Amino acid sequence: MSQHSVEVILAKQLASHLTLPIFLVDPIGNLLYYNEPAEQLLGHRFEATGEMPVDDWATTFQPTDRDGRPLPASDLPLVVAVDKRVPAHRTMTIRGLDGVVRDIEVMAFPLEGEGARFLGAVAIFWETGPR
Amino acid sequence: MNVRLWGTRGSLPAAGPETVRYGGNTSCVEVRPDGGGLVVLDAGSGLRRLGDRVDVVDRIDILLTHLHLDHIMGLGFFAPLFRPEIEVHLWGPSSSISDLRARISRYLNPPLFPVRLPDLPSRVVLHDVPLHRFTLPGLEVTADLICHPAPSVGYRLTDATGTLTYLPDHEPALGCRVFPTTREWTSGSDLALEADVLLHDAQYTSEEYPARVGWGHSSVAHAVAFAELVGARRLVGFHHDPGRTDDALDRLWDLSTWQREPQLPVVPAHEGDTFTVSAA
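For the record, the sequence lines run as chains A and B. Following the working numbering, the residues of the first sequence are numbered contiguously, the last one being 133. Following the working numbering, the residues of the second sequence are numbered contiguously, the last one being 304.
No lab work stands behind these hints: they were computed from the structure. Keep in mind the model is a prediction, meaning the values are calculated, not measured. We put the beta carbon where it would ideally sit given N, CA and C, even for glycine. It cannot be assumed that every hint is accurate.
[To be verified] Partial chain B-side listing against chain A, Cβ under 10 Å, derived:
#1 PHE106
#2 GLU109
#3 HIS113
#4 VAL165
#5 PRO204
#6 GLY212
#7 ASP214
#8 LEU217
#9 GLN283
#10 GLN287
#11 LEU288
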């Protein structure tokens with residue numbers, strides 16, 4: 003496997019030192035990493051899931067709106083940040099792999115490096131409360 | 025390819041009787057590819073002496089890793105820049121808002137330097153270095169961003185005989201709870217993968233590093249761990265701390281005092297060293 007770009011490496015290093023839950027994906031939305039606070043939110047260790055295609059992570063956590071309607075992948079802030087390369091934010095509800103339903107806010111932004119290279123996106127999660 | 029080290033010191037020239045064996049000039053490496061040509065890695069203070077010895081050439085390529093002063097301070101004193109028959113190609117990283125010309129003109133401009141870039145007699149061609157593979161006479165070059173403050177690149181040079189990787193200012197351990205980690209999550213690892221010779225930052229002792237995290241440099245132990253991770257065949261420790269005397273460098277690089285034997289040949293760079301990069 004080839005090396006990730008230095009910007010993505012540094013984003014992972016930063017995330018690994020923060021207490022905010024953070025998700026990091028590559029330019030096509032594949033999950034590269036989530037940090038320990040995100041593990042608590044998602045109810046699963048990153049080592050157990052590993053890198054994950056966008057179709058998997060976008061459904062694994064069963065995202066819904068506040069009224070319980072399933073959210074299509076295209077409505078998820080991280081997918082918006084990847085597809086449209088703009089920041090995105092929304093509230094939603096997820097069910098972690100530990101079975102706990104949580105209300106969260108998600109803010110995602112695209113990663114662009116020197117030379118206008120699109121490198122992926124980062125999402126920051128904020129738990130507003132368990133259901 | 026044949027290589028000569030004209031400057032191995034980091035951060036600041038360190039002239040004096042206490043630095044004569046390892047040298048006091050800052051980063052500058054002459055590369056002579058097997059197929060001919062002259063490529064220079066960085067333009068530290070060592071560039072002046074190299075410039076005084078350049079033979080008959082019509083083109084010189086200078087590859088800058090970044091624009092910290094210790095890597096460009098020799099430019100204004102490089103004699104070929106004052107020879108109109110020579111074409112000098114300067115390659116280096118742009119920033120997100122400025123190209124190489126704008127960035128380097130901050131130095132080659134009054135009041136920092138009396139001669140402006142457009143006034144140099146040679147034919148100077150500036151290139152924002154592409155972050156991928158490109159070719160120079162006799163060489164295949166790959167540049168990529170590496171972990172060091174401000175836009176900084178490393179270089180991988182390959183000719184018919186071997187591969188040299190040049191990472192003079194590099195902190196791959198930045199932010200790592202344990203170093204080394206996996207290769208795909210390590211800055212510079214593609215550039216250095218199985219290089220025949222790896223010239224790598226080794227500025228600090230392991231005891232100094234914790235107080236200098238984020239300054240963009242490596243300890244000797246990190247340099248060795250990085251070289252082992254990427255499967256380099258030989259490590260040359262580079263970018264010596266300007267405060268380190270010859271005797272202190274002797275002690276730092278005395279392998280007999282190390283806790284374990286490296287998995288590859290490891291030597292410190294000395295100004296004036298010459299070697300051939302060969303896969304054999």
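Hint check results:
1. PHE106: 32 Å, violated
2. GLU109: At 33 Å from the nearest chain A Cβ, B/GLU109 fails the 10 Å test, so the hint is violated.
3. HIS113: 19 Å, violated
4. VAL165: Violated, because the Cβ-Cβ distance from B/VAL165 to chain A comes to roughly 16 Å (cut-off 10 Å).
5. PRO204: 12 Å, violated
6. GLY212: 8 Å, holds
7. ASP214: With Cβ-Cβ at 4 Å, under 10 Å, it holds.
8. LEU217: 8 Å, holds
9. GLN283: The hint is violated - B/GLN283 has no Cβ within 10 Å of chain A, the shortest such distance being about 26 Å.
10. GLN287: 20 Å, violated
11. LEU288: Violated - the Cβ of B/LEU288 stays beyond 10 Å from chain A, reaching only about 19 Å at its closest.
The structure shown violates the earlier hints numbered 1, 2, 3, 4, 5, 9, 10, 11.
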